[in-house]
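Can you make the complete structure from the sequences, with help from the hints?
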Amino acid sequence: MDSNATDAELVEQTLRGTTAAFQLLTARYYRPVGGFIFKRVGRVDLVEDLVQETFLEAFAALKAGPGPRNFSSWLFGIAHNRCGKWLRRKRPALFDPNEAPDLPVAPSDQALLEELEEQRKLEAQLDQQLQSLPDDTRRLLELKHRDGKTCEEIAAETGRPVGTVKSLLARTYKALRTALTPGEAKS
Amino acid sequence: MNAMTCQDVQEQLDLLAAGECEPPIRDALTRHLQQCQACAARYAQSQRVLGLLDMHFKQDGLERLQARIEAEAQPRRKRRFAAPFIGGFGLVAAVLLIAVGLSWWLLRDGTDQKGPGPEFALLVRPGPVKPEIVPQPPAPLKAKDVEAVAVVALAERNGDAARRELLKAQRGGKLPFPPAVSLELVLVNTGKLPVEVRLGDATANLALDLTGDGVLRMPAPDAETPESLRPRTLQLEPGNELVLHIDRLVAGSPGKLEYIYLTEPGELTLTARLHLTAGGQPVTVTGKAVRIKVGNQTAVLP
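Read top to bottom, the protein sequences are chains G and V.
Here the first sequence is numbered in numbering that gives the first Met the number 0, starting from 0 and rising by one per residue.
Here the second sequence is numbered in numbering that gives the first Met the number 0, starting from 0 and rising by one per residue.
Rather than coming from a laboratory, the hints here were simulated on the basis of the structure.
Glycine included, every Cβ here is placed at the ideal spot set by N, Cα and C.
Treat the hints loosely; a few may be bogus.
Stated by the list, open to error - Calculated lysine-lysine pairs in the BS3-like style (CA-CA distance at most 30 angstroms, straight line):
1) G:173 to V:57
2) G:120 to G:173
3) G:165 to V:191
4) G:120 to G:165
5) V:57 to V:167
6) G:84 to G:120
7) G:120 to G:38
8) V:57 to G:120
9) G:38 to V:191
10) V:167 to G:165
11) G:38 to G:165
12) G:62 to G:84
13) G:38 to V:167
14) G:38 to G:84
15) V:255 to V:57
16) V:57 to V:191
17) V:57 to G:62
18) V:167 to G:173
19) V:173 to G:165
20) G:173 to G:38
21) G:62 to G:38
22) V:191 to G:173
23) G:84 to V:57
Stated by the list, open to error - One side of the interface only, derived from the structure: several residues of chain G facing chain V at Cβ under 10 angstroms:
24) 33
25) 47
26) 173
As the list claims (entries may be wrong) - Just some of the chain V residues that point at chain G, by a computed CB distance under 7 angstroms:
27) 52
28) 60
29) 173
30) 174
31) 210
32) 218
33) 243
Shown next as structure tokens:
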């Protein structure tokens with residue numbers, strides 16, 4: 000399977016029954032869709048489930064019918080609807096009854112593509128920032144975000160005082176936030 | 000505690016988003032954020048960056064998704080599994096009960112097509128009910144036209160509150176057991192030849208993917224290894240079953256386990272996936288996703 004194939008080519012192959020083609024699309028869009036969903040629901044613990052639902056719905060739709068004109072905006076449209084569905088279920092807890100949630104209005108294809116581009120840019124920036132970190136700082140982030148350890152557990156594992164771990168974590172977060180948030184460095 | 004200034008607050012925002020503030024500081028920060036839009040906006044930025052970090056480092060989500068897509072892509076088998084439904088089947092609220100009448104099929108590692116080699120089916124069925132844990136006749140639960148029914152004790156608090164409590168418990172090294180369940184994973188040799196099955200080796204893994212609201216997963220590296228991941232080797236004859244009992248929602252690999260908590264009633268999708276060694280080669284057996292209903296009530300299945 001050609002990993003350089005265009006979205007349209009992969010969609011075409013998926014329509015012909017080649018699951019591996021759709022797997023390439025999942026690898027290509029997993030993180031952007033995750034970021035897109037996280038921006039809307041604001042909870043990391045929900046992202047994986049909603050991403051899975053999005054791709055499974057897309058896969059089922061491709062098996063059942065004609066392919067979309069533009070895969071990425073179509074996929075993000077599905078993700079948007081999934082988020083809307085989740086937020087509507089949560090509406091009583093999340094919104095003032097007098098205040099309508101702004102999500103149900105479907106964004107245009109152009110807006111979705113722009114958001115995808117922004118998301119990809121953000122991920123590239125994050126990758127770049129992470130690569131520039133010292134090994135021990137990157138390891139700290141892995142322990143925290145991959146393994147889900149607390150500062151106390153990280154301190155026990157690395158032999159550092161808890162306060163040192165927290166300080167290093169706080170400095171790293173601040174540096175990343177500054178680098179990834181437009182206008183943050185000036186404020 | 001004296002009121003915090005914006006500068007004080009902004010020094011702590013990232014740690015707050017990471018769940019690493021002590022309760023008194025956390026409460027003070029929360030009060031400030033409720034009143035200060037500038038700090039609240041910065042807190043949202045911090046949450047987004049931490050969310051990006053979570054997604055960057057947790058790569059196994061893509062693997063889980065791709066396994067599910069492989070499973071969805073497989074043709075349905077005509078042979079169906081007849082679950083041994085028994086009338087008057089009851090459970091207390093702390094017991095998860097799953098009844099399925101579904102077909103399941105083999106998913107081999109990394110291939111679209113089945114090749115030569117061992118073939119299995121993975122089934123999920125209700126486990127044995129222990130009469131001593133049924134304190135009173137259960138209330139009826141309509142189960143028509145659903146593929147599966149689950150009844151589970153819900154956490155007393157909602158998802159966010161439960162998560163905070165669990166994080167606190169985890170920090171204190173006192174993570175509670177996940178819900179007691181009564182489930183059986185049934186591995187069936189659907190091939191024509193006997194197969195040597197090895198469980199519990201370095202690559203063994205049990206995934207219990209639950210899609211829906213109120214699913215909390217917490218790393219539990221010190222958890223006792225569940226039966227389905229304990230080392231053993233056995234010969235499985237064609238058509239024979241290996242029954243693995245699941246009495247807690249514990250998934251993962253030995254030494255890298257996680258507890259799964261359920262906090263909200265509703266409908267979930269469960270996909271069970273077992274990674275084992277069969278005939279000397281790694282095999283992942285995946286069941287079709289099944290719908291389950293979660294409620295804090297007792298149940299009777301038809």
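Outcome of the hint check:
1. G:173 to V:57: Measuring from Cα to Cα gives roughly 21 angstroms; hence the hint holds.
2. G:120 to G:173: Holds: residue 120 of chain G and residue 173 of chain G sit about 19 angstroms apart, inside 30 angstroms.
3. G:165 to V:191: Violated, because 58 angstroms separates the two Cα atoms, which is more than 30 angstroms.
4. G:120 to G:165: holds, 29 angstroms
5. V:57 to V:167: Holds, at about 22 angstroms.
6. G:84 to G:120: holds, 27 angstroms
7. G:120 to G:38: Answer holds: residue 120 of chain G to residue 38 of chain G is near 15 angstroms, not above 30 angstroms.
8. V:57 to G:120: holds, 19 angstroms
9. G:38 to V:191: violated, 50 angstroms
10. V:167 to G:165: Within the cut-off at roughly 17 angstroms; holds.
11. G:38 to G:165: Measuring from Cα to Cα gives roughly 26 angstroms; hence the hint holds.
12. G:62 to G:84: holds, 23 angstroms
13. G:38 to V:167: Answer holds: residue 38 of chain G to residue 167 of chain V is near 26 angstroms, not above 30 angstroms.
14. G:38 to G:84: holds, 15 angstroms
15. V:255 to V:57: holds, 14 angstroms
16. V:57 to V:191: violated, 39 angstroms
17. V:57 to G:62: holds, 29 angstroms
18. V:167 to G:173: holds, 24 angstroms
19. V:173 to G:165: Distance of about 22 angstroms is within 30 angstroms: holds.
20. G:173 to G:38: Satisfied, since the Cα-Cα distance of roughly 19 angstroms is no more than 30 angstroms.
21. G:62 to G:38: Cα-Cα ~29 angstroms, so holds.
22. V:191 to G:173: Status violated; Cα separation ~60 angstroms.
23. G:84 to V:57: At roughly 25 angstroms apart (the allowed maximum being 30 angstroms), residue 57 of chain V and residue 84 of chain G satisfy the hint.
24. 33: holds, 5 angstroms
25. 47: With a closest approach of 4 angstroms, the residue 47 of chain G hint holds.
26. 173: Residue 173 of chain G check passes; min Cβ-Cβ to chain V is 6 angstroms, inside 10 angstroms.
27. 52: With a minimum Cβ separation of about 5 angstroms from chain G (threshold 7 angstroms), the hint on residue 52 of chain V holds.
28. 60: Status holds, d = 4 angstroms.
29. 173: violated, 13 angstroms
30. 174: violated, 12 angstroms
31. 210: holds, 5 angstroms
32. 218: Since the shortest Cβ distance to chain G is 5 angstroms, the answer is holds.
33. 243: violated, 24 angstroms
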